[in-house]
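**Q** Below are the chains, spelled out letter by letter.
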Amino acid sequence: MSRIQTTFENLKQSGKKALIPFITAGDPHPDKTVEMLHSLVKAGADLIELGVPFSDPMADGPVIQRASERALVHKVGLRKVLALVKEFRQQDPKTPIVLMGYANPIEAMGVEKFADAAKDAGIDGVLTVDYPPEESIEFNAMLKARDIDPVFLLSPTTEASRVDVIVNQASGFVYYVSLKGVTGSKNLDIDEVAGRVAEIRTLTTLPIGVGFGVRDAATAKAVAKIADAVVVGSRMVQTVESSTPDNVVANLAALTAELRQAIDSH
Amino acid sequence: MQLYDMPDERGHFGPYGGIFVAETLVEALEELRVMYEKYRYDEEFLAEFAHDLKHFVGRPSPIYHAKRWSDKVGGAQIYLKREDLNHTGAHKVNNTVGQALLAKRMGKPRVIAETGAGQHGVATATIAARLGLECVVYMGSEDVKRQAPNVYRMKLLGATVVPVESGSKTLKDALNEAMRDWVTNIENTFYIIGTVAGPHPYPMMVRDFQAVIGVEAKIQMKEIVGRQPDAVIACVGGGSNAMGIFYPYINEENVRLIGVEAAGHGLETGKHAAPLTANSAVGVLHGNRTYLMQDEDGQIIETHSISAGLDYPGVGPEHAWLKDTKRAEYVAITDDEAMAAFHGLCLTEGIIPALESSHALAYAEKLAKTMSKDKILLVNLSGRGDKDMNTVAQLSGITL
Chain A
1 MSRIQTTFEN
11 LKQSGKKALI
21 PFITAGDPHP
31 DKTVEMLHSL
41 VKAGADLIEL
51 GVPFSDPMAD
61 GPVIQRASER
71 ALVHKVGLRK
81 VLALVKEFRQ
91 QDPKTPIVLM
101 GYANPIEAMG
111 VEKFADAAKD
121 AGIDGVLTVD
131 YPPEESIEFN
141 AMLKARDIDP
151 VFLLSPTTEA
161 SRVDVIVNQA
171 SGFVYYVSLK
181 GVTGSKNLDI
191 DEVAGRVAEI
201 RTLTTLPIGV
211 GFGVRDAATA
221 KAVAKIADAV
231 VVGSRMVQTV
241 ESSTPDNVVA
251 NLAALTAELR
261 QAIDSH
Chain G
1 MQLYDMPDER
11 GHFGPYGGIF
21 VAETLVEALE
31 ELRVMYEKYR
41 YDEEFLAEFA
51 HDLKHFVGRP
61 SPIYHAKRWS
71 DKVGGAQIYL
81 KREDLNHTGA
91 HKVNNTVGQA
101 LLAKRMGKPR
111 VIAETGAGQH
121 GVATATIAAR
131 LGLECVVYMG
141 SEDVKRQAPN
151 VYRMKLLGAT
161 VVPVESGSKT
171 LKDALNEAMR
181 DWVTNIENTF
191 YIIGTVAGPH
201 PYPMMVRDFQ
211 AVIGVEAKIQ
221 MKEIVGRQPD
231 AVIACVGGGS
241 NAMGIFYPYI
251 NEENVRLIGV
261 EAAGHGLETG
271 KHAAPLTANS
281 AVGVLHGNRT
291 YLMQDEDGQI
301 IETHSISAGL
311 DYPGVGPEHA
321 WLKDTKRAEY
331 VAITDDEAMA
341 AFHGLCLTEG
351 IIPALESSHA
361 LAYAEKLAKT
371 MSKDKILLVN
381 LSGRGDKDMN
391 TVAQLSGITL
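Sequences listed follow chains A and G, in order.
Counting in our numbering, the first sequence runs from 1 upward without gaps.
Counting in our numbering, the second sequence runs from 1 upward without gaps.
FYI, nobody ran anything at the bench for these hints, they're computed from the structure.
Glycine included, every Cβ here is placed at the ideal spot set by N, Cα and C.
Please note that the accuracy of each hint is not assured.
[Claimed, not checked] Simulated coverage check for chain A against chain G, where a stretch passes if three residues somewhere in it have a Cβ under 8 Å from a Cβ of chain G:
1) 76-88
2) 97-109
3) 132-141
Starting from the given sequences, assemble the full structure and let the hints guide the process.
**A** Put into structure tokens, the structure is as follows:
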């Protein structure tokens, strides 16, 4: 069983929902990333989504794009991200790390070389935003052969027949994008999301995470009622953006603890 | 010989092309694919398209024998396909008319576009005004500054121009931003992509709408000189004017197809926009797999060309395929070489070419010199140079 599967099993048994914060590796500085990861775990994160900086993050909003740009100033690329995770793993053998990024850095490294390096670094899942299942069959098999879960997005416009295609390739969990648009958009409609999550449950037994538009504790609590995991991205990154190098770790921890409490009170 | 039949159902040209987008865009692209398949061979749609190309765009565009320039160059005879004479001054309008007619049939009241130099933006704003569609154009803030006259033209035509401040603030960032708008406004919005790149069906659809260039050229060359040219030459940024004139010639084995990329300050300086000629690594950007200018981490790097229309780090996937199969040849021309050809054509023929097209002219000049007088080159003169007056004047130290 992969670390992601184990995590969801354990949470299920204790009647809890997963909190998945997202930060971009190397933002605000690569020297901070490992410390930030540990602090997120300490404050209540069950899994962490770690963004791989990319020059052209088409599916992201301005907040996460700026995070990429801050990291790229320090030349943080895929190899550096893997090195950071490897360093994190030395202290934390348990918390799953899901890389979220775009196809080009992976192809530039070479897909097989990447799969090996990800395994070696202790990566648990890979969400490649612009690799739809039809274009990534071999890649997904490569990941699975190394006990790494390929994670996929489902969107409000994804039809049931296509959900089938996607969950066939996916493992670990699926990530339901709760609204149309890019990351960091507003106005998550909780009733609409609840309806869609219920529909997806009829199509897969994989845990379902919900993200895009989870901006505060109240929304996190509402999402926790209907989903298996709450993903918080832009709000986390905003906190990084508005912090100084001295208080960024503490601020992220405070936000994570607040979200944890809200989710556990669902 | 086996007839050329590309792309496959998911938009692959061999290993290139495809649909590499976030899940949020998949259904929108599927809707577009289905609708385009429906109208692609629909007689009524094609008749409407042909009617607009004739009466609104002013097609067919003539082919002109640049005799004085050919004599001066010395060698092969150079003929020009005059896309610069189209309404709005470039080939871009062929495609925007086609896509806007499709948007109308799909019931989308709003169109968006990305633009670099502003030619595609102007062509989109133009057809949007004519069809009564709301129009939003994304343009890198650097380009907004460089191309002020085109920004004003778009505004006159009723379009909203949104300056993009992210990334390198140029064409690729405008494309990212337009994609984001589309994801958010899928229900009422049609995204008019201006080149043969992007996710399937765009590379195929834009090629098909631009193929009118090559279709006309084949008929006209037969009428004018009684045979097809020895080579067809076109500039390549994303590659839409080149695909438009190449495509109908692909099965004509005796006609060489030559794409001319921007070598900028020179390939050896790294400051260029020639991913095919420089043999850049293959990667994924803007929804398709193709040759891409990138660093060792797979980050897209900034490109350089004197011509904003060629200043793009990727290239349409069909060009990548034509390069690998050797059906087309790709070469690169520096800023200086393009400028020399620009002035040459101005002075000998009374035609001011776009800086993009000047790259194709410059290569034609090089090649013609190596050929005998009975050989024939056909250059796609993809646009007129009025938009480039500021750039050219600045190079001569003149402020207009």
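**Q** Now look at each hint and say whether the structure bears it out.
**A** Comparing the hints with the structure gives:
{"no.": "1", "hint": "76-88", "verdict": "holds (count 3)"}
{"no.": "2", "hint": "97-109", "verdict": "holds (count 8)"}
{"no.": "3", "hint": "132-141", "verdict": "holds (count 3)"}
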